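Work the whole structure out from these sequences, hints included.
For what it's worth, the numbering used here labels the leading residue of the sequence shown as 3, then goes sequentially.
Be careful, since some hints might not be right.
30 Å max Cα-Cα, derived DSS-like pairs, lysine-lysine [what the hints assert, rightly or not]:
1) Lys54 <-> Lys42
2) Lys27 <-> Lys54
3) Lys42 <-> Lys55
4) Lys27 <-> Lys42
5) Lys27 <-> Lys55
It should be emphasised that the hints constitute simulated quantities derived from the structure, not laboratory data.
Computed from a predicted model, the values in this text were never measured in an experiment.
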Amino acid sequence: MSEQEVHTSVEQRIIIEFLLREGVKPAEILRRLTVQFAEKTLSRTQVYDWHKKFSDSRESVQNETHARRPRTSTSDTNILAIREMIEGAALQYRTCRNIVWECPINHFR
Numbered sequence: 003m004s005e006q007e008v009h010t011s012v013e014q015r016i017i018i019e020f021l022l023r024e025g026v027k028p029a030e031i032l033r034r035l036t037v038q039f040a041e042k043t044l045s046r047t048q049v050y051d052w053h054k055k056f057s058d059s060r061e062s063v064q065n066e067t068h069a070r071r072p073r074t075s076t077s078d079t080n081i082l083a084i085r086e087m088i089e090g091a092a093l094q095y096r097t098c099r100n101i102v103w104e105c106p107i108n109h110f111r
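If you want it as structure tokens, here you go:
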């Protein structure tokens, strides 16, 4: 039987909620998380924000759904165009920057 993997940030939120219910202050929670998760620890701001959310009766550790910017750059047309540019790069010198400027995605311009 395999365990379902829990994302590190969700795991830390569960710990924050548990320790809050135990009466542990956010500074101490951050210290404990840092000992366990090292460089993967949530930021100080995130720890304090989640502590406040759980203090205000929030129960869910999952992110709330919200409107996101559509991913318009990942389309079959764009993928094909980039692939053709990269494959054609063997014929001429192209840097990543040149490919970005030539590609049909204007996000970086």
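Evaluated hints:
Restraint check for Lys54 and Lys42: the C-alpha separation of about 21 Å stays at or below 30 Å, so the hint holds. The hinted pair formed by Lys27 and Lys54 meets the criterion: a straight-line CA distance of about 11 Å does not exceed 30 Å. Taken as a hint, the Lys42 and Lys55 pair is honoured in the structure, with Cα atoms around 21 Å apart against an allowance of 30 Å. Between the alpha carbons of Lys27 and Lys42 the distance comes to roughly 20 Å, so the proposed pair stays at or under 30 Å and holds.
Proximity of Lys27 to Lys55 is assessed by CA-CA distance (about 14 Å); at most 30 Å being required, the pair is judged to hold.
Figure legend: structure checked against the earlier numbered hints; every hint is met.
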